[in-house]
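Taken in sequence, the protein lines are chains A and B. Heads up: the first sequence begins at 1 in this note's numbering, then just goes up one per residue. Heads up: the second sequence begins at 1001 in this note's numbering, then just goes up one per residue.
Since the hints were derived computationally from the structure, they do not count as laboratory data. Misleading hints may appear alongside valid ones.
[What the hints assert, rightly or not] Below, a list of computed lysine to any residue pairs in the SDA-like style, where the Cα atoms sit at most 20 angstroms apart:
{"no.": "1", "chain 1": "A", "residue 1": "Lys-364", "chain 2": "A", "residue 2": "Ile-391"}
{"no.": "2", "chain 1": "A", "residue 1": "Lys-364", "chain 2": "A", "residue 2": "Val-418"}
{"no.": "3", "chain 1": "B", "residue 1": "Lys-1123", "chain 2": "A", "residue 2": "Gly-35"}
{"no.": "4", "chain 1": "B", "residue 1": "Lys-1185", "chain 2": "B", "residue 2": "Arg-1279"}
{"no.": "5", "chain 1": "B", "residue 1": "Lys-1364", "chain 2": "B", "residue 2": "Val-1421"}
{"no.": "6", "chain 1": "A", "residue 1": "Lys-123", "chain 2": "B", "residue 2": "Thr-1322"}
{"no.": "7", "chain 1": "B", "residue 1": "Lys-1358", "chain 2": "B", "residue 2": "Ala-1389"}
{"no.": "8", "chain 1": "B", "residue 1": "Lys-1123", "chain 2": "A", "residue 2": "Thr-322"}
{"no.": "9", "chain 1": "B", "residue 1": "Lys-1123", "chain 2": "A", "residue 2": "Leu-323"}
{"no.": "10", "chain 1": "B", "residue 1": "Lys-1364", "chain 2": "B", "residue 2": "Ala-1388"}
{"no.": "11", "chain 1": "B", "residue 1": "Lys-1364", "chain 2": "B", "residue 2": "Ser-1335"}
{"no.": "12", "chain 1": "A", "residue 1": "Lys-364", "chain 2": "A", "residue 2": "Pro-341"}
Number of protein chains: 2
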Amino acid sequence: MERTIGIGLLGAGTVGGTLVRRLVGESEAIASKTGLTFDVRKVGVRDLSRPREFDVTEGMLTTEPTEVVDDPSVDIVVEVMGGLEPAGDLILAALEAGKPVITANKELIAARGPELIAAAERKGVPLLFEAAVGGGIPIIRPLSETLAGEHLERILGIVNGTTNYILSQMTEAGVTYEEALAEAKALGYAEPDPTADVSGADAASKAAILASLAFGTWVGPSDVYTEGIEAVDAMDIAFGADFGYVVKLIGTAERIGSGVNVRVHPAMVPVEHPLAGIRGATNAVFIEGPSIDSLLFSGPGAGGEPTATAVLGDVIDAARETLAGAQVAPRIRFSAADVVPFEQVPTRWYVRLLVDDKPGVLAKIAGAFGEAGVSIRSVWQEGVDSEAALIIVTHHAAEASQRRAVEAFESIPDVIEVASVIRVLGDRV
Amino acid sequence: MERTIGIGLLGAGTVGGTLVRRLVGESEAIASKTGLTFDVRKVGVRDLSRPREFDVTEGMLTTEPTEVVDDPSVDIVVEVMGGLEPAGDLILAALEAGKPVITANKELIAARGPELIAAAERKGVPLLFEAAVGGGIPIIRPLSETLAGEHLERILGIVNGTTNYILSQMTEAGVTYEEALAEAKALGYAEPDPTADVSGADAASKAAILASLAFGTWVGPSDVYTEGIEAVDAMDIAFGADFGYVVKLIGTAERIGSGVNVRVHPAMVPVEHPLAGIRGATNAVFIEGPSIDSLLFSGPGAGGEPTATAVLGDVIDAARETLAGAQVAPRIRFSAADVVPFEQVPTRWYVRLLVDDKPGVLAKIAGAFGEAGVSIRSVWQEGVDSEAALIIVTHHAAEASQRRAVEAFESIPDVIEVASVIRVLGDRV
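The following block holds chain A by itself, in its conformation from the complex (with noise of 0.2 angstroms):
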């Protein structure tokens, strides 16, 4: 047990120098909980000429990434250097060499996870991945294993913190959209192109990975019906303050009779929900099913140190399996995904509408409603000279009813704008 265990890093970035640091620092400590120590003996990085985010000189050699790999001296592979490529099959590479895998990237789990899974489990080696989803709140681990039994229904997640702490600014502050964006990029929690955050997609590959292992059925990137936050408006934000709602950009994965639904788009969250309390750049995950109703985990979603946290636990399991000598089973066996068209998928709407202010018109949005099949639950109006802005948030029918009333607004004179449509969190059903 007592042999040291080689670890070959690819990527040397900010997670990558935090994890060194860690490794270097804590290996006392580490030692001392665990029985295990650890040796960092190669770090890949794409570019040799850039600068590293930490010092090498403690004997680690900055190296080509497939180095990394072939080295014999290193026993796990940890990949922090994010994309697609040459992360994916330097993953590949190393599996194939059976050398145990962690990785923290989302983006290539959602779009590769049952390739590198199957080699995986074709080598008998472990990859994990807990960092790829919610930084350092442990919820791949508790998924994939703590609740193997339960049947789980339905996971809402706030997977994104730089969306949830625009969001959240707007809410709070109530700035506007590009406002607190411009904030988010000032202190570090946006990237200078925000895209992959903004747009939603960051947080569609961690749905992704939430449902699959939720449910044991894999859910590619693709599957997910993505919107961001771009058109989210201050005005309906503080509307939906009124009626007792927080915006937030909300992941879903949901069993729809035998299949599931997975997406992301901004959500009414009604303010007695525990999702409507998590702020700034926290990430938050609900879990439901039968047995265990509903669990929440909520914490730092990103950042370097709870990251390397993450990938740090990951290592010292790989390590103990490793030490263990076994050929190491799979924790969940995936079966094909039955992915459930969003269009079919009931939900419930909060639209804003802007229309003329006189008798008749409720009526005929009522009537649109009605021939679409969709009943509403609340109404309210507030008139601003001629034009009067008229919101509506109806009970559940399918997103495709609900779209088909909306768009039938347009055929009626005396709505002048449709001016946001936001879906609002229901009870599971």
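Given chain A, put chain B in place with the hints provided.
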């Protein structure tokens, strides 16, 4: 991989019955997700004449507990009978026979953890107890695996649903302790003899286990300062609310210098703290560390179904490890505990005094605090006839100093009574 795994059950109460129903009724779903097939071979009960919580017509044999352990067709032993004996010796016998053991028994793990864990390590078999703390909330595995590389600083837990239900009812419905307890009994949230819950003993076992796993240093239940909720007065809950606090029974595991302190007592929790919002019988664990900042886990802390989910997750994990044919490596190595006496721990106090309403009383009380080295944060006084309620909230000072100050009040003639003392949850120090 495809062979059937024989389960031997010790105990046939609520959790045992639920587990059998799930293993039988959901066997297909479990097999499809995990690739594992389970068969409950024998059910050991202490009193064969008592009726079972479940139907044993499925070919299961209800028998003496020792026969379960000895049966060669039993691959994994699941102990859900509770109590120290015979559970402890049965588990030890199973481990010695090289069988993985799953238990939900927090009392036993807290009392005999090191001995049982050592036996499991010697035999290279898993001893798993996810259900022992937090019922259906995955907390043991995240602490001992995912967070193994984090230098955790403090854990705060609401780990007893009965007492949280009682305190929540006192807070929300304004009832007395006795009324809330009677209601909890009527609803099945409290046992006919609620001593283990209301005295804090149950929470102390769980806090000891959390501390041991978090800090890698074994803390026994006798090391835990324990104070229950029997003396919590509705008046202090009301005053607490005025000051922005919610009264909760909090289990605390904290690093103090190079040692640890573990304690369970009622605490005034600031309303903005995530634990303040944990209502009813829900449990929650709040984990603090330098890298993860803070994590919150919440969910159902007790009940047959959530507990069975946690047990089932452990059974699946143990089966996976066992089938891998490995000598299972220990998850955590425990070092000797350096338990810091509570007297030396910095605490903050809320003190309610009944005093004669005349000039100079406050000066004498403030003087007593000052002499003990405790500084006062806020004071509030309300006159009732010739008497006054005086409420003082202090800053951090050693628990011993707080006690010394309050003891000194007894020699102040104007102090009629020290009506109550409740510690105030502060930031980690």
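Status of each hint after checking the structure:
1. Taking the CA atoms of Lys-364 of chain A and Ile-391 of chain A, the gap is about 14 angstroms. The hint holds against a cut of 20 angstroms.
2. Restraint check for Lys-364 of chain A and Val-418 of chain A: satisfied, since their Cα atoms lie roughly 14 angstroms apart, inside the 20 angstroms limit.
3. For the given pair, Lys-1123 of chain B sits about 17 angstroms from Gly-35 of chain A by alpha-carbon distance, which is consistent with the 20 angstroms threshold.
4. For the proposed pair Lys-1185 of chain B and Arg-1279 of chain B, the alpha carbon gap of about 17 angstroms is at most 20 angstroms, so the pair holds.
5. Of the supplied pair hints, the one linking Lys-1364 of chain B and Val-1421 of chain B holds, its CA atoms being roughly 18 angstroms apart against a limit of 20 angstroms.
6. Between Lys-123 of chain A and Thr-1322 of chain B the alpha-carbon distance is near 18 angstroms, which keeps this suggested pair within the 20 angstroms criterion.
7. Our distance criterion of 20 angstroms between C-alpha atoms is met by Lys-1358 of chain B and Ala-1389 of chain B, whose separation comes to about 12 angstroms.
8. Among the hinted pairs, Lys-1123 of chain B with Thr-322 of chain A is consistent with the structure: their alpha-carbon atoms are about 18 angstroms apart, no more than 20 angstroms.
9. Taking the CA atoms of Lys-1123 of chain B and Leu-323 of chain A, the gap is near 16 angstroms; set against the 20 angstroms cutoff, the hint holds.
10. Our distance criterion of 20 angstroms between C-alpha atoms is met by Lys-1364 of chain B and Ala-1388 of chain B, whose separation comes to about 15 angstroms.
11. Simply put, Lys-1364 of chain B and Ser-1335 of chain B have alpha-carbon atoms about 47 angstroms apart, too far for the 20 angstroms limit, and the pair is violated.
12. With a C-alpha separation of about 29 angstroms, the suggested pair Lys-364 of chain A and Pro-341 of chain A falls outside the 20 angstroms cut-off, and the hint is violated.
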